[in-house]
Amino acid sequence: GAGVSQSPSNKVTEKGKDVELRCDPISGHTALYWYRQRLGQGLEFLIYFQGNSAPDKSGLPSDRFSAERTGESVSTLTIQRTQQEDSAVYLCASSLLPGDFSPLHFGNGTRLTVT
Amino acid sequence: QKEVEQNSGPLSVPEGAIASLNCTYSDRGSQSFFWYRQYSGKSPELIMFIYSNGDKEDGRFTAQLNKASQYVSLLIRDSQPSDSATYLCAVDQNFGNEKLTFGTGTRLTIIP
Numbered sequence: 015g016a017g018v019s020q021s022p023s024n025k026v027t028e029k030g031k032d033v034e035l036r037c038d039p040i041s042g043h044t045a046l047y048w049y050r051q052r053l054g055q056g057l058e059f060l061i062y063f064q065g066n067s068a069p070d071k072s073g074l075p076s077d078r079f080s081a082e083r084t085g086e087s088v089s090t091l092t093i094q095r096t097q098q099e100d101s102a103v104y105l106c107a108s109s110l111l112p113g114d115f116s117p118l119h120f121g122n123g124t125r126l127t128v129t
Numbered sequence: 128q129k130e131v132e133q134n135s136g137p138l139s140v141p142e143g144a145i146a147s148l149n150c151t152y153s154d155r156g157s158q159s160f161f162w163y164r165q166y167s168g169k170s171p172e173l174i175m176f177i178y179s180n181g182d183k184e185d186g187r188f189t190a191q192l193n194k195a196s197q198y199v200s201l202l203i204r205d206s207q208p209s210d211s212a213t214y215l216c217a218v219d220q221n222f223g224n225e226k227l228t229f230g231t232g233t234r235l236t237i238i239p
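Residue numbers (this note's numbering), protein chains in the order written: chain A, 15 to 129; chain B, 128 to 239.
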């Protein structure tokens, strides 16, 4: 079946512009997660959704970052006024249920480059 | 700040040998521990998880957890060239995987 789909796969933007990243989780997965992977670093938790609610937004680096999920399906991560330090691969994952050990299924990521 | 530490490698292991990957974590209250494999240019995929002290075996993989020492390891028996990848250790404060803290990974190369 279809896996987690992310778009765009690559995004180059100028400093100061806004970007929107999209994630389509596996159908039926109630939990959705956003992580960031900077070059040479580990994955960094940003936010997770249980249904359409985000119980934990503590990982969002600043108020320039926001995320939403609708219809217990697609999620968008928006970065306003992008900075060069925002350059990273943004990974979305989904799992059947939150708070248990059902595996996180990751998408292929969006590689964001801020020039 | 909660940290997960891994030797970045590269770790080179002959085909057929046992590969041993290690991870330490700083938050003594951590409850759940995961090993993910990430092939170059690909996304991470779960290998296994462990939450009780001791060993957990799944095929050629064995995870070992020692909470007193804040140490978790992954053993890969009968290493194959297809095992060549970066292995990520991840830790959750709670019982589950809602909010993982990842290490930077250990790059493993299996030499034919």
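Derived from the structure by calculation, the hints contain no laboratory data. Hints may be right or wrong, so weigh each one.
Unchecked claim - Which stretches of chain B does chain A cover? Using the computed rule of at least three CB atoms under 8 Å from a CB of chain A, they are:
#: 1; segment: 171 to 177
#: 2; segment: 220 to 232
To be verified - Pairs of lysine-lysine, PhoX-like flavour, derived with a Cα cap of 20 Å:
#: 3; chain 1: A; residue 1: Lys71; chain 2: B; residue 2: Lys226
#: 4; chain 1: B; residue 1: Lys226; chain 2: B; residue 2: Lys194
#: 5; chain 1: B; residue 1: Lys183; chain 2: B; residue 2: Lys194
#: 6; chain 1: B; residue 1: Lys169; chain 2: A; residue 2: Lys25
Note that the coordinates shown come from a computational prediction; the quantities given were computed from them, not determined experimentally. Where a beta carbon is used, it is the ideal one built from N, C-alpha and C, also for glycine.
For each hint, the structure was consulted:
Check result for the segment 171 to 177 of chain B against chain A: holds, 4 residues qualifying (beta carbon to beta carbon below 8 Å, three or more required). Against chain A, the segment 220 to 232 of chain B contributes 12 residues with a C-beta closer than 8 Å to a partner C-beta. That satisfies the three-residue criterion, and the hint holds. Annotation: proposed proximity of Lys71 (chain A) to Lys226 (chain B) holds, straight-line Cα distance about 10 Å (limit 20 Å). Of the supplied pair hints, the one linking Lys226 (chain B) and Lys194 (chain B) holds, its CA atoms being roughly 19 Å apart against a limit of 20 Å.
Among the hinted pairs, Lys183 (chain B) with Lys194 (chain B) is consistent with the structure: their alpha-carbon atoms are about 14 Å apart, no more than 20 Å. Note on Lys169 (chain B) and Lys25 (chain A): the hinted pairing holds, with a Cα-Cα distance of about 17 Å set against a maximum of 20 Å.
Comparing the model with each earlier hint shows no violations; every hint is respected.
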